[in-house]
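**Q** Given the structure of chain A, go ahead and fit chain B onto it with the hints provided.
There are 2 protein chains.
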Amino acid sequence: MVTPALIGIDWGSTSLRAFLIGADGTVLQERTAGKGASTLHAHPAFVAALDEVAGAWQRAHPALPLLACGMVGSQHGWLDVPYVRAPAGAADLAAGLAQPADTALRIVPGVLYDDGVLPPDVMRGEETQVVGALAAYPQLADSCVVLPGTHSKWTHVSQGAIARFATHMTGELYAVLRQHSVLGRLMPPEVTPDADTFLAGVAAARDHGELGLPHQLFAVRSLGVTARLPNGALPEYLSGLLIGHELRAGLAWRAAQGLREQPLALVGAAALCERYQMALNHCGQPADLVLDNTAPAGLLALARAARLLS
Amino acid sequence: MVTPALIGIDWGSTSLRAFLIGADGTVLQERTAGKGASTLHAHPAFVAALDEVAGAWQRAHPALPLLACGMVGSQHGWLDVPYVRAPAGAADLAAGLAQPADTALRIVPGVLYDDGVLPPDVMRGEETQVVGALAAYPQLADSCVVLPGTHSKWTHVSQGAIARFATHMTGELYAVLRQHSVLGRLMPPEVTPDADTFLAGVAAARDHGELGLPHQLFAVRSLGVTARLPNGALPEYLSGLLIGHELRAGLAWRAAQGLREQPLALVGAAALCERYQMALNHCGQPADLVLDNTAPAGLLALARAARLLS
Numbered sequence: 149m150v151t152p153a154l155i156g157i158d159w160g161s162t163s164l165r166a167f168l169i170g171a172d173g174t175v176l177q178e179r180t181a182g183k184g185a186s187t188l189h190a191h192p193a194f195v196a197a198l199d200e201v202a203g204a205w206q207r208a209h210p211a212l213p214l215l216a217c218g219m220v221g222s223q224h225g226w227l228d229v230p231y232v233r234a235p236a237g238a239a240d241l242a243a244g245l246a247q248p249a250d251t252a253l254r255i256v257p258g259v260l261y262d263d264g265v266l267p268p269d270v271m272r273g274e275e276t277q278v279v280g281a282l283a284a285y286p287q288l289a290d291s292c293v294v295l296p297g298t299h300s301k302w303t304h305v306s307q308g309a310i311a312r313f314a315t316h317m318t319g320e321l322y323a324v325l326r327q328h329s330v331l332g333r334l335m336p337p338e339v340t341p342d343a344d345t346f347l348a349g350v351a352a353a354r355d356h357g358e359l360g361l362p363h364q365l366f367a368v369r370s371l372g373v374t375a376r377l378p379n380g381a382l383p384e385y386l387s388g389l390l391i392g393h394e395l396r397a398g399l400a401w402r403a404a405q406g407l408r409e410q411p412l413a414l415v416g417a418a419a420l421c422e423r424y425q426m427a428l429n430h431c432g433q434p435a436d437l438v439l440d441n442t443a444p445a446g447l448l449a450l451a452r453a454a455r456l457l458s
Numbered sequence: 149m150v151t152p153a154l155i156g157i158d159w160g161s162t163s164l165r166a167f168l169i170g171a172d173g174t175v176l177q178e179r180t181a182g183k184g185a186s187t188l189h190a191h192p193a194f195v196a197a198l199d200e201v202a203g204a205w206q207r208a209h210p211a212l213p214l215l216a217c218g219m220v221g222s223q224h225g226w227l228d229v230p231y232v233r234a235p236a237g238a239a240d241l242a243a244g245l246a247q248p249a250d251t252a253l254r255i256v257p258g259v260l261y262d263d264g265v266l267p268p269d270v271m272r273g274e275e276t277q278v279v280g281a282l283a284a285y286p287q288l289a290d291s292c293v294v295l296p297g298t299h300s301k302w303t304h305v306s307q308g309a310i311a312r313f314a315t316h317m318t319g320e321l322y323a324v325l326r327q328h329s330v331l332g333r334l335m336p337p338e339v340t341p342d343a344d345t346f347l348a349g350v351a352a353a354r355d356h357g358e359l360g361l362p363h364q365l366f367a368v369r370s371l372g373v374t375a376r377l378p379n380g381a382l383p384e385y386l387s388g389l390l391i392g393h394e395l396r397a398g399l400a401w402r403a404a405q406g407l408r409e410q411p412l413a414l415v416g417a418a419a420l421c422e423r424y425q426m427a428l429n430h431c432g433q434p435a436d437l438v439l440d441n442t443a444p445a446g447l448l449a450l451a452r453a454a455r456l457l458s
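Line by line, the protein sequences give chains A and B.
If you're matching positions, the first sequence starts at 149 in my numbering and goes up one per residue.
If you're matching positions, the second sequence starts at 149 in my numbering and goes up one per residue.
The shape of chain A in the complex, shown without the other chains (with noise of 0.2 Å):
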């Protein structure tokens, strides 16, 4: 049996993971909750809300390290854990590591990619998921790492650690005009799963994205309107647009950064991934290696890098 190394947390906005993490990267044990940074307003709010998930592995293991990623790093989370800038590797991210007072839990910083000519970039958790993915993956050290979600990071890595990336908002923009545009009134609760009309969006985005995002999410509405779409795919319609978007321009910021003979690969949740390596293939460019939750492999990994293992 394998020997608990770490307790590893992987702490959003929105949600809670902890992990009992082996020596050899093995989760043993998985726990979640509901409370996310963004639902906890004081200390004493984070403190029992890491009990809530790791308290049971403490007391069995008091002198196992605890180590966190994510938004509870952030302004509004636990600690304001300062970034570290671009190129950061796992080092780097180690040395940057943070206490909140009176707990065993040190929080992973995020990276600031700023080259004074452009708007600065930031991220929080997602360099631990590329720690995570580097480490089980030696032949990422040069390439191009893409982590869908809410807020997809398309990262550049660079002799193992991450150089330079770009944010693309695409599932917060799915979201909101679902949601709350015109986009959403013709739209029914549920989304009809629609390989083809995803694609189509995709392949809108990827022959005409000259006419402008603005312009193409009007199609959403004008192909209801007119019947040339049911209304229960107009949500894949809007998915393919947004992705093919996101696609379009993060393949040609990958060809400008000189990565088109590097490897690509995604990483986060398996459904998500697999729509995004869906909508590579129909860009002519499949993601090379597809990786489902890296967090605890990079946590274990920058633990390693801090000392913090025994």
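A few of these clues could be false.
What the hints assert, rightly or not - Using C-beta positions, here's what the derived DEER-type ranges look like: (1) A:Ser186 x B:Thr298: 26 to 32 Å; (2) A:Val339 x B:Ser163: 32 to 38 Å; (3) A:Glu422 x B:Ala417: 42 to 48 Å; (4) A:Ala400 x B:Ala243: 44 to 50 Å; (5) A:Arg233 x B:Ala404: 40 to 46 Å.
No wet-lab data here; the hints were simulated from the structure.
All residues carry an ideal CB built from backbone N, CA and C; glycine is no exception.
**A** Below, chain B alone, put in the same frame as chain A:
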């Protein structure tokens, strides 16, 4: 004194404006009511709203024709008036007027553009503004007419008819992102007017739009989080980015339509047109004409084309 010739109604989703119009196009009187077409749900409610804004004029001038344009003619309006297909000139629109049962009111049809290749596009209300602009400025017979708004319309006018057009959801994106997305969270309720920040957003789209709108939008957050912009300026940056992306795509579309040497006109509310003109200037392609509301002139021209005037 000018004799009234027409009661014209600009009846959109959220607003209702009535004009008593002279034979020379002069607006003799104007009345407004908060009785937008989307707020009314049955024939009697529309009858009552019409009487509220135009009943006194009807009783004073019983022979005057009544003509309305806008979403009052949509699926969710008073009467679903079938779209006229582009190319559509004043005569085509006049031939498509429709009349709700037991009323003196006629409603102008919207226009459908459908080339069978790209998704169709639709307008309702803007066709009348284009006709009004053409009536006042014959040099727009071959031109690009831009109507900024919630759903901006870029219109290719050829030989005095609406040949083709493209909708951009710019105004709605601004409202939805400000009210319902993470971008709005840092913003104070009031906008601090700030032309420099607005133009910085326009320039980001103009110079780096290939990075993609879903990416560039995230800068509204990262510029705030890193205190590169004061929170009060973030709405202006968002507005500049969105209008900048509309212009980037719209000006390329205009060029692709072969209209670079033809007049470019802005038609709409003065403050919004001024904002667009600033942005167009920043892109080196200012509009040749900026026109305030041309709906009354358009309604008069369509009433004349339909031989409704005595």
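**Q** If you check each hint against the structure, which ones fail?
**A** none
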